[in-house]
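Trainee: Line by line, the protein sequences are chains A and B. Sequential numbering of the first sequence, starting at 1, is according to this note's numbering. Sequential numbering of the second sequence, starting at 1, is according to this note's numbering.
It cannot be assumed that every hint is accurate.
[Claimed, not checked] Which chain B residues face chain A? A few, computed with CB under 10 Å, are given here:
#, residue
1, L34
2, F40
3, E58
4, G77
5, L109
6, L128
7, V132
8, P134
9, R136
10, R141
11, S144
12, C155
13, P157
14, V165
15, G184
16, P187
Calculated directly from the structure, the hints in this document are not laboratory data. Where a beta carbon is used, it is the ideal one built from N, C-alpha and C, also for glycine.
There are 2 protein chains.
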Amino acid sequence: MNPIAPTSRTTFVRRPDRGSHERTTVNGILDEALICHVGFVMDGQPFVLPTTHTRVGERLYVHGAMGGRMLRTMRQGIPVCVTVTLIDGLVLARSAFHHSMNYRSVVILGTARNVEDEEEKRLAFSALVEHVVPGRSADVRAASDLELKATAVLCVPIEEASAKVRTGPPIDDETDYGLPHWAGVIPLALTAHAAIADPRLPAGLPIPPAIARYGRSGG
Amino acid sequence: MNPIAPTSRTTFVRRPDRGSHERTTVNGILDEALICHVGFVMDGQPFVLPTTHTRVGERLYVHGAMGGRMLRTMRQGIPVCVTVTLIDGLVLARSAFHHSMNYRSVVILGTARNVEDEEEKRLAFSALVEHVVPGRSADVRAASDLELKATAVLCVPIEEASAKVRTGPPIDDETDYGLPHWAGVIPLALTAHAAIADPRLPAGLPIPPAIARYGRSGG
Numbered sequence: 001m002n003p004i005a006p007t008s009r010t011t012f013v014r015r016p017d018r019g020s021h022e023r024t025t026v027n028g029i030l031d032e033a034l035i036c037h038v039g040f041v042m043d044g045q046p047f048v049l050p051t052t053h054t055r056v057g058e059r060l061y062v063h064g065a066m067g068g069r070m071l072r073t074m075r076q077g078i079p080v081c082v083t084v085t086l087i088d089g090l091v092l093a094r095s096a097f098h099h100s101m102n103y104r105s106v107v108i109l110g111t112a113r114n115v116e117d118e119e120e121k122r123l124a125f126s127a128l129v130e131h132v133v134p135g136r137s138a139d140v141r142a143a144s145d146l147e148l149k150a151t152a153v154l155c156v157p158i159e160e161a162s163a164k165v166r167t168g169p170p171i172d173d174e175t176d177y178g179l180p181h182w183a184g185v186i187p188l189a190l191t192a193h194a195a196i197a198d199p200r201l202p203a204g205l206p207i208p209p210a211i212a213r214y215g216r217s218g219g
Numbered sequence: 001m002n003p004i005a006p007t008s009r010t011t012f013v014r015r016p017d018r019g020s021h022e023r024t025t026v027n028g029i030l031d032e033a034l035i036c037h038v039g040f041v042m043d044g045q046p047f048v049l050p051t052t053h054t055r056v057g058e059r060l061y062v063h064g065a066m067g068g069r070m071l072r073t074m075r076q077g078i079p080v081c082v083t084v085t086l087i088d089g090l091v092l093a094r095s096a097f098h099h100s101m102n103y104r105s106v107v108i109l110g111t112a113r114n115v116e117d118e119e120e121k122r123l124a125f126s127a128l129v130e131h132v133v134p135g136r137s138a139d140v141r142a143a144s145d146l147e148l149k150a151t152a153v154l155c156v157p158i159e160e161a162s163a164k165v166r167t168g169p170p171i172d173d174e175t176d177y178g179l180p181h182w183a184g185v186i187p188l189a190l191t192a193h194a195a196i197a198d199p200r201l202p203a204g205l206p207i208p209p210a211i212a213r214y215g216r217s218g219g
C-alpha cells in the first residue's frame, strides 16, 4: 500500500522520528482500538466525544450515538478530527523530564459525511459490531429498518491522516544513567476478563468461543 | 462537594439517565484515567490530541507535549475540550442495535491557560508524574530550570464539566429476551504486566514496590 500523502496539517512538527504515514501502521492502530475520540466545532467551541468506529478499506465509519449536539452539527458535513490512542506502557526514566508513555495513536482530519444510503449504512452498522466482536453480527438479531433509521453513522475518508508510535525503554540524559533510580517500562494492555452472562440468559445457552476467549491486543 | 452547575453546553441531550455533574464522579474518572484527549480549533479545523493530565483540586493540568501546533494556539488562552474515557466492558445484547459499552467519561469545556508562574508549573509538573505513578516524583531527578522551561503545562478549570457512565448488563427489547443469542458483558480493564527494567539499569538496583505492584483501576 502507498503511504498517505502528508499535508501541512499532518506533517510532524514535534518528534518526527515517532511519526508515520504508512497505511499498514495507521490501519493496525484503527483496527485494534475499541473507541475513537471525535472532535468537532460548534459556535467556535471544540467538542471531543468518545464513540465506536470501524474501518472499511480507506473509510472510517463512526457510530453516531455520541449525543444530539454532535449529530445536528455533523450531518451538514463539517470538519472533524478523529483520534485513536492505544496505551502500551508507562516509561519511567531516571529524570522526571524524560518520563513518557509507550503508545500508538492515529489522527485523521477530514469532513464527516452522514451515511444516508441504506445499503451502505447497513454494511457499516454490521462492520461496527464486527469491529468490536468479530463474528458477532451473524449471531444477533439484525437491525430493523426503524433501528437503522434511529442510528446515525458517519463516514470520514482516511485521506489526511498520520500515526505516532513510541516504543522501548526510557531515553535518559547520558549524565543521568548513573543515578540510583529504578528505570524501565510498565507494560499496559486492555485486558478482557471472564464474560458475565446476562442475568436473564436462559440456562444452558452456551457462550460462543469467540466471546469466551475474547482478546483485543495484537500482541 | 457541591455538584458542578450544568450549562446549556453540558446539559445532557441524549441519555440523561447516564449523566452526572457530581464532582466525586467527575474527579474519580479524571484521577483513574492515564490520558486525556484535548480538542482545540485552528483555522476552523478541530484537532484532537492525546496527552497526560492531572487534577489538583478543581483544576486540570495538561501536559503540553502534544505538538507544536497545539501549543502555539493554546498559549493564547483558547477554548478547549478535554475528554477522558475509561472503557469498562463490552455490552453484548441479543440485538445488534442494543450493543453498547460500559464506560465512564468526562467532558470538560473551558479556556486553557498556559502556566507561566514557575512555582505553579513545578507543582503541576510533579503532580503529572505523581498522577501516573504515585510516589514517583520523590524517586527521580527533579526537572531542572531548563527542562521546566522546555515543558508546557496548561491549566483548565473544572468548572463546566459533566460525566457519563454506563454500567450493567445489556438492555434488550422485551420481545428479544427469548432469542437464542448469548448476551452479557465482557469486562475490560487496563492491566499492568510485569515491569521491564531498562537494559542499562545497574545490576542489583531493586524495583520499588509501587512499581512492582502497579495497578490502575479503582476496582
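Trainee: Run every hint past the structure and note whether it holds.
Mentor: Okay, the hints, checked on the actual structure:
The beta carbon of B/L34 is positioned within 10 Å of a beta carbon in chain A (closest approach about 6 Å), and the interface hint is therefore held. Nearest Cβ of chain A to the Cβ of B/F40: about 6 Å, under the 10 Å cut. The hint holds. Given the 10 Å rule on beta carbons, the hint for B/E58 is violated: about 20 Å separates it from the nearest Cβ of chain A. Against a cut-off of 10 Å between C-beta atoms, the interface hint on B/G77 is violated, since the closest Cβ of chain A lies about 14 Å away.
With its C-beta approaching chain A no nearer than about 6 Å, B/L109 sits inside the 10 Å limit, and its interface hint holds. With its C-beta approaching chain A no nearer than about 8 Å, B/L128 sits inside the 10 Å limit, and its interface hint holds. The criterion of a C-beta within 10 Å of any C-beta in chain A is met by B/V132, whose closest approach is roughly 6 Å, and the hint holds. Interface restraint check: B/P134 against chain A, minimum CB-CB distance 12 Å, threshold 10 Å, status violated.
A cut of 10 Å between beta carbons decides the hint on B/R136: the least distance to chain A is about 7 Å, and the hint holds. Taken as an interface hint, B/R141 checks out: its beta carbon lies about 4 Å from the nearest beta carbon of chain A, inside 10 Å. For B/S144, the interface hint holds, since its Cβ comes within 10 Å of a Cβ in chain A; the closest pair sits about 8 Å apart. Nearest Cβ of chain A to the Cβ of B/C155: about 17 Å, over the 10 Å cut. The hint is violated.
The criterion of a C-beta within 10 Å of any C-beta in chain A is not met by B/P157, whose closest approach is roughly 15 Å, and the hint is violated. For B/V165, the shortest C-beta to C-beta distance to chain A is roughly 12 Å, which exceeds 10 Å, and the interface hint is violated. For the restraint placing B/G184 at the interface with chain A, the shortest Cβ-Cβ distance is roughly 4 Å, inside the 10 Å limit, so the hint holds. Among the interface hints, the one on B/P187 holds; its C-beta lies about 4 Å from the nearest C-beta in chain A, closer than the 10 Å criterion.
The structure does not agree with the numbered hints 3, 4, 8, 12, 13, 14 stated previously, though it agrees with the rest.
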